[in-house]
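Taken in order, these protein sequences are the chains called A and B. Here our numbering is used: the first residue of the first sequence is 1, the next is one more, and so on. Here our numbering is used: the first residue of the second sequence is 1, the next is one more, and so on.
It should be emphasised that the hints constitute simulated quantities derived from the structure, not laboratory data. Hints are not guaranteed to be accurate.
Listing some non-contacts, in silico: residues in chain A with all C-beta distances to chain B over 10 Å [unchecked claim]:
no., residue
1, G57
2, M90
3, D93
4, A103
5, I147
6, R170
7, Y267
8, S296
9, E326
Which chain A residues stay away from chain B? Per the calculated CB distances, all over 12 Å, these [as the list claims (entries may be wrong)]:
no., residue
10, R83
11, H94
12, E126
13, N342
Here are some chain B residues pointing at chain A (derived, C-beta under 8 Å) [stated by the list, open to error]:
no., residue
14, G323
15, L436
16, L438
17, A479
18, E480
19, C485
20, P487
21, E516
22, L518
Glycine included, C-beta positions come from ideal geometry on N, C-alpha and C.
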Amino acid sequence: MINLKIDNKKIEVPDGSTVLDAARAANVYIPTLCDDPLLEPFGACRMCIVEIEGHRGLPTSCSTPATEGMEVKTYSSTIEVNRRTTMNLMLSDHPLDCQHCVANMKCDLQYVAGYVGVREQPYEGETRSYEKDRSNPFYVRDLDKCILCGKCVRACDELQGRQAISFGYRGFETKITTPFDLPMWDSTCESCGRCVDVCPTAALYDKSAEKNGLAMEETRTTCPYCGVGCGLIIETRNDKIVGVRGDRENSVNEGHTCVKGRYGWEYVQHEDRVKKPRVRRYLLEGGSKPKSARESEDNPLWDWVETSWEEALNITAESLHQIKKEHGSDSIGFMTSAKCLNEENYLMNKLARQVVGTNSIDHCARL
Amino acid sequence: MSNYTAIREWADEKTADKTRIIVGLGTCGIAAGGNKILEAVEKTLANNDDIKAEVVSVGCIGICYKEPLLDIEIPGQPRLSYGSVTAKDTREIIQNIFLDSKYEHKKTLATINDEAFAEIPSWKEIPFFAPQERRVLRNCGFIDPEKIEDYIANDGYLGLSRALLDMTPAAVVEETLKAGLRGRGGAGFPAGRKWSIAADNINAYKEENPDSDSFGYIICNADEGDPGAFMNRSVLEGDPHSVIEGMTIAGYAIGASYGYIYCRAEYPLAIERLKLALDQAREKNLLGKNILGTEFSFDLKLKEGAGAFVCGEETALIASVEGLRGMPMPRPPYPAQAGLWEVPTIINNVETLNNIPVILAKGADSWAEKGTEKSKGTKTFALTGKVENTGLIEVELGMSLREVIYDIGGGIPDGKEFKAAQTGGPSGGCLPASMLDLTIDYEALAKAGSIMGSGGLVIMDESTCMVDVARYFLTFTQAESCGKCVPCRLGTKRMLEILTRITEGKGKIEDIALLEELAPSIRDSSLCGLGQSAPNPVLTTLRYFRDEYEAHILEGRCPAGQCKALITYTIDEVDCTGCTVCARACPVDAISGAKKELHIIDTDICTRCDTCRQVCNFDAVLVA
């Protein structure tokens with residue numbers, strides 16, 4: 001363990017901690033825009049500068065390892081002046097349309113600018129202007145809002161291992177880009193959305209966010225798709241889902257998701273979604289099954305009819321029983337799903353082998 | 001007999017008593033037409049069977065303004081040098097010397113020797129060479145850089161043999177520390193100290209990772225990128241083995257068995273010669289396994305950089321060697337702790353490494369005799385700009401700027417006034433005439449607001465606008481900023497915009513305050529040396545030439561007459577003879593006037609290209 005002082009507050013932190021980690025442990029706020037505890041320190045935004053006794057200049061707390069006996073100052077007039085200049089520079093090339101921005105009230109840049117306290121814009125000059133990249137079906141890339149913190153690049157590399165994007169060009173022209181500057185959809189992006197998740201501004205945002213205001217409720221749950229069991233946070237507003245993100249507190253995925261978990265939720269509130277069991281009318285009311293597809297087309301007996309779970313299950317059980325009797329156990333196959341719990345899969349196995357008596361059972365995760 | 005003695009004897013024998021015709025074929029020589037001279041030499045020899053001589057091409061000897069150079073060396077006589085030669089001169093000189101023993105020629109420069117010969121002065125009597133102290137450039141222009149025997153016969157690899165055969169690695173580090181050699185890349189960190197930190201880290205790394213493929217690396221930073229600087233290029237082109245030897249010694253000292261030379265791809269000749277030198281060194285067992293029959297093994301790889309200025313920064317350079325985008329990373333960890341592939345690494349500049357063999361061969365005490373208390377040894381400079389004699393020079397540290405500019409450089413051409421000396425390239429500053437007696441050493445330059453840098457030295461005269469100079473350097477740093485950190489990416493952009501505004505006559509008096517607010521903030525908050533030093537040209541010009549800024553803003557006037565938006569061209573009614581030369585020369589037809597009558601410039605059409613003033617034979621064109 002390392003003992004150090006942050007603004008005269010004594011704090012003990014584990015070996016390998018940075019000064020920023022220590023400040024967070026000591027509950028001392030240091031503004032930062034490019035740091036993320038899940039990513040390697042980068043030192044790009046220059047907001048987290050501090051003064052350290054015995055160190056020259058203004059080291060960045062995100063990249064400086066905490067050492068025994070260190071004395072750190074997180075504010076001084078020098079620090080404040082430099083932070084303000086840096087923030088002013090950042091805002092001199094950032095659209096100031098906060099009220100119309102999808103990141104309004106959840107924007108890190110907005111928050112840090114508020115903390116630093118910028119009141120005027122002394123540096124007028126050229127601003128960057130790019131066309132929004134809407135090629136990806138799930139998210140939008142708006143480089144005009146990009147502050148080049150590099151979090152998306154690092155998340156794509158360090159967390160998703162995809163390396164679909166990187167820094168390109170130099171100087172004022174520097175931007176985050178795909179290989180050969182192609183549209184996002186033509187890159188190797190897998191649409192996991194981690195870049196959108198870590199973006200501190202609206203340089204990357206979900207298309208779903210364009211239609212909605214702020215989410216007002218959040219629900220912690222498990223992803224319904226596969227057997228990994230990623231933790232998700234479902235963002236809702238008026239009982240409607242407006243967004244989904246990975247749960248950072250969940251040890252399974254530490255905030256990570258795949259494209260399905262993050263973006264495959266529209267079915268939940270889709271009007272075509274089947275919410276109650278349905279059976280064909282002939283099974284419910286009697287009558288014979290239509291013989292061919294053509295015959296079934298206008299046949300009212302072929303219509304779907306909503307029914308109770310009990311009725312539906314009874315019909316299924318009876319049908320299975322009938323088939324087994326007429327054609328034998330091996331004429332029936334079972335397919336189960338990664339969306340089911342282990343216990344449910346176990347019971348499916350029992351049903352196939354013990355009740356029906358067939359070994360023809362498989363699972364979607366094996367395909 | 002040690003392995004070195006054998007190699008040395010082989011080299012001595014191979015190079016002894018040779019009649020040589022030498023052509024300067026560094027990049028500067030080639031640019032001045034050196035290849036045509038080489039052709040002329042070969043043709044002359046082919047036409048005169050009696051003349052027996054070896055034709056040799058060498059690197060730059062430094063006196064660039066006299067290129068192309070032709071030298072003749074006959075055993076028993078001093079080497080004779082001829083400058084600005086043409087193919088015709090070449091034929092004459094060779095025939096005169098070899099057929100008629102006539103040494104004087106209208107293109108005679110000097111003997112490259114301490115003594116005069118046949119009424120030809122020694123180069124020590126030539127002002128350009130007299131005050132110089134050639135140590136780094138000891139072999140440049142003397143040896144054939146493509147022949148290892150030439151290097152060895154001039155004490156090459158002697159330092160390495162001393163280190164490997166007579167000294168422990170710790171003793172080599174100690175010797176470097178004792179010499180007081182400071183990093184020649186610009187920052188001036190003591191090389192010995194860097195090595196000793198790296199040696200400790202490599203030992204620790206070995207203990208922690210005994211199964212690792214490599215325990216440490218040495219990298220030679222040959223990513224020279226300052227505008228107008230060509231010291232490293234000349235050394236690599238003229239004396240590639242000196243860097244290889246320096247790196248091998250460094251590898252031995254710190255315990256690294258592998259190294260990289262990071263050389264920019266824009267130096268094709270340097271790369272070609274380095275590749276050849278590496279092969280030759282391997283062949284002679286001066287690189288590779290069990291060097292000179294000792295236990296020590298070391299090898300080098302050449303890595304071509306893609307020409308990004310920021311890759312001269314250590315962490316960006318390492319990223320580039322690893323195949324990543326050249327972007328600096330915050331320190332710690334320092335490269336000496338976790339550098340290339342996360343292994344302890346030291347990075348030394350070409351010139352630093354070039355000094356190492358001399359320190360080992362001659363001893364630290366002898367090496368440290370030159371220089372000042374805290375800045376030992378010599379330093380090369382690429383002397384360029386508004387100075388009579390341009391070229392590559394090497395002086396003892398502690399020499400004054402005045403001596404360099406007026407003695408070696410021969411002063412300012414065309415009777416103009418000296419205005420400023422720019423050291424350290426885009427990271428350095430502009431020093432005014434009042435600082436001419438400043439001594440060239442790390443501390444004095446830093447105190448004056450500039451830096452030693454890697455050796456760019458640009459001289460400016462009264463016709464240079466200092467605001468425009470600051471703008472130029474900011475254009476460079478802005479274009480070369482990697483874009484990672486905010487103060488550098490956007491701060492240099494905003495400073496550049498302000499400076500451009502001022503040079504265009506649109507400046508406001510508040511702009512000076514904005515620059516004074518931005519510059520220190522960029523210096524103090526940027527991530528790497530590029531951003532931290534980018535404001536230096538602005539800070540120094542504001543400090544020493546504030547009146548020029550004020551003249552642009554308050555009086556709408558460019559004192560140097562350079563900023564096109566702020567100057568007007570007129571023709572003096574008394575001096576104009578109506579000769580029509582200016583009207584005919586004007587590229588935009590802005591000048592009207594009948595023959596023998598006063599000519600008039602239409603300032604709306606005039607593009608201020610300065611052609612009329614240059615062609616006027618009566619000094620009748622006025623700029624205000």
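Here's how the hints hold up against the structure:
| no. | hint | result |
| --- | --- | --- |
| 1 | G57 | violated (6 Å) |
| 2 | M90 | violated (5 Å) |
| 3 | D93 | violated (6 Å) |
| 4 | A103 | holds (19 Å) |
| 5 | I147 | violated (7 Å) |
| 6 | R170 | violated (6 Å) |
| 7 | Y267 | holds (40 Å) |
| 8 | S296 | holds (61 Å) |
| 9 | E326 | holds (66 Å) |
| 10 | R83 | violated (8 Å) |
| 11 | H94 | violated (10 Å) |
| 12 | E126 | violated (7 Å) |
| 13 | N342 | holds (41 Å) |
| 14 | G323 | violated (12 Å) |
| 15 | L436 | violated (31 Å) |
| 16 | L438 | violated (25 Å) |
| 17 | A479 | holds (5 Å) |
| 18 | E480 | holds (6 Å) |
| 19 | C485 | holds (5 Å) |
| 20 | P487 | holds (6 Å) |
| 21 | E516 | violated (12 Å) |
| 22 | L518 | holds (7 Å) |
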